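J.: Residues per chain, in single letters:
There are 2 protein chains.
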Amino acid sequence: MNTDDRAFLDAFHQVGKIGATGHGGVERQAGSAADGEQRRWLADLLSASGFAVNYDPIGNEFGLLELTPGAPYVLVGSHLDSQPTAGRYDGAYGVIAAAYAVLRLAEKWRDSHVAPTYNIGVVNWFNEEGSRFKPSMMGSGVFTGKIDLTAALDTTDPRGTTVRDALDAIGCRGEYDAPNIAAYAEIHIEQGRGMEKEGVTIGLVHSNWAANKYEFLVHGEQAHTGSTVIADRKDALLGASMLVVAAREIADHFDDGVLHTSVGELTVYPNSPVVVPSRVNLLLDLRSADEDVLAEADRMLHERIAKIQVSANVQIERGSAHCWPVTPYQPEGVQLAASVAADLGLRHQEVMTLAGHDSTNMKDIVPTVMLFVPSVDGISHNEQELTHDEDLVAGLTMLTAVVEKLADGALKS
Amino acid sequence: MNTDDRAFLDAFHQVGKIGATGHGGVERQAGSAADGEQRRWLADLLSASGFAVNYDPIGNEFGLLELTPGAPYVLVGSHLDSQPTAGRYDGAYGVIAAAYAVLRLAEKWRDSHVAPTYNIGVVNWFNEEGSRFKPSMMGSGVFTGKIDLTAALDTTDPRGTTVRDALDAIGCRGEYDAPNIAAYAEIHIEQGRGMEKEGVTIGLVHSNWAANKYEFLVHGEQAHTGSTVIADRKDALLGASMLVVAAREIADHFDDGVLHTSVGELTVYPNSPVVVPSRVNLLLDLRSADEDVLAEADRMLHERIAKIQVSANVQIERGSAHCWPVTPYQPEGVQLAASVAADLGLRHQEVMTLAGHDSTNMKDIVPTVMLFVPSVDGISHNEQELTHDEDLVAGLTMLTAVVEKLADGALKS
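Residue numbers (the numbering used here), protein chains in the order written: chain X, 1 to 413; chain F, 1 to 413.
Check each hint, because a few of them may be wrong.
It does not matter which identical chain is used: a pair holds within one copy or between any two.
Stated by the list, open to error - Restricting the straight-line Cα-Cα distance to at most 27 Å, the calculated cross-link-like pairs of lysine-lysine (DSSO-like) are:
| id | residue 1 | residue 2 |
| --- | --- | --- |
| 1 | Lys134 | Lys234 |
| 2 | Lys108 | Lys412 |
| 3 | Lys134 | Lys146 |
| 4 | Lys197 | Lys234 |
For the record, the hints were derived by calculation from the structure and aren't laboratory data. None of these values were measured; they are calculated from a predicted model.
Required output: the full structure, derived from the provided sequences and hints.
T.: Have a look at this one:
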């Protein structure tokens, strides 16, 4: 391993100490003190090499290097924020690889006195995870015009702190108006088992799974758990529990891997040991690579909801909904990445992304290349999340070569 | 209605304004500012009539009147604390009726220059509800030696505030050592439909339902909700939901009214929209008037748990358990109350209590009389909780007469 790669790995493992949980993981939710610390780490790294670091109004952190005055920028990045008790790789790998990729290119261009067609920059998107503040992919959502800035800033966490106040507390709410973007690239861990199973080092993401994400509000009626006869109860938690079980049963109706369903968040009111719950809020999602499967699953879900309303004696209201179809990344970007991987001799394969990424937003406004490296055992959003060092290094090599092509105008429309 | 009864009702409805929710209910959880306010209200009422008001180390509020120097006390009371978004009657009726009963008796004895065999006093037990600080019936539990004082004071609410600090904040942690108690009386709303259905005004509680209350911890594994295939998931919320559904199915296995099961409190970790939950804590209880039914239901529950561990791929750990059999109130107390009700011409009937009460603790250390008045539609732990004014007044008349008998040594052993 060369000293450049070693420096990158050292930096990566250094950042893993910020917000460390003590069990191999990190806790660096969006806008937390640990998020502020890692943002300053990135700013220091890029500033030291002459990059201009600035924050936009939703706290996206940009580190830009202007080599060709007035030219648009190729942006490379991901997110440093994490889930609670999360792994060290999700998002952070992409940002640190982006930083080292552009630093390498900047040095190369400086040494060779060559100016690329486009300028380059690193971006650390605010709140990709959406655990503390909803929805997820907030920073790239605002940047691409899909989420209203004021609504995002007014969003509160469970303790009532707004995004605005959280960003101000870590000094990361700015007024920066980012320049024109020519292309975007992102690298991320796969968070699944597919590539590991196939022995593939680089995944070329050609599209994302379709998803229907729903908020449901189950309405019951407060009552005494001891004295209220069962026939009189309108138990919101019973209705919600039936919905959680139904979601799994619908997934089990299809072959494994065809449909993913989950309820990750569920909140009970008043949540007292002796009170039949009057309200449960929950977030349920259905995901599939096959839009027909998703439509059929959605139909089954709504049929089950109608039955649960009767059997649990509750009302189930659908709140916000966030649905997207299978959407492609630009095929030219996939082809470009395939040829780069072939040149580098890296085993590669086209893959879909099951999870959402900031690149899912960016691909809708600029040519975007999305790359994966393998996850050991597919473990993610878990302190045991792991990608081997050699794969981290291979991904950096791949990303650097792709960004060089993009900066040279490879995907110029 | 006489002016004395009117004054009582006015006082009762006045107290309903403390911590009012604006929808007919109240929120006065143990140790809150509203709890402090109602405690001062009670202290002022009793102090004005020469009662000595003091707080013991767990915040039980005693208002005592010594008429027969050195004699033990007949204590009358209930609790002023409430559930979140609760009704105005649960507990508060019992304390205010107790205060007006002893004030009437004190006036009568003063006017007639007669000293009763026993002295009298009012008690407002701390934290009967157990919603903010667990377990419920904390004040009477400590008083009767069933709960350790230090453990109770160290108990924290979900924000980390201890009972000690909450009591200090409202100035209600004292050093009072209550005198000998000769007997205890309590009146409460039924919180069920039984008495209303039977057209009964006064319920004579002869025993309590048996109950098994369990804390369960469901252990899964954090994973990404989008990318983790179903077969790999260890979803703690799925396991918990199956347990909630199983609890209801076990109740449905018996005739309505025979077995009550509930999960009132359930907390998900990490509770993020895109993370498969790794842990759920929940409180599940089974209650029945028939100990054989309870034992059979308990067996069914544990059989279901073993199956859920396999089908949801989770581990279910049983945490704390709090179980009690059917226990009688002293039959002499029930007979005394029956004869008082007959003398007063009040329709009465022996009943069981499905809910726990402070009297459930007190009956284990002194002769105890527990009375009920009807609840409209059995609604309780709900802002719509209602008992008609005429029943409130009838209950006060009944309680006053019973306490007079107790003060005269009717249940002297």
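J.: Now tell me, hint by hint, if it's right for this structure.
T.: Hint-by-hint comparison with the structure:
1. Lys134 - Lys234: between (29 Å within a copy, 24 Å between copies)
2. Lys108 - Lys412: within (22 Å within a copy, 99 Å between copies)
3. Lys134 - Lys146: Within. Shortest intra-copy distance 14 Å satisfies the 27 Å Cα cut-off; inter-copy 45 Å does not.
4. Lys197 - Lys234: between (47 Å within a copy, 21 Å between copies)
Every hint, counting from the list given before, is met by this structure.
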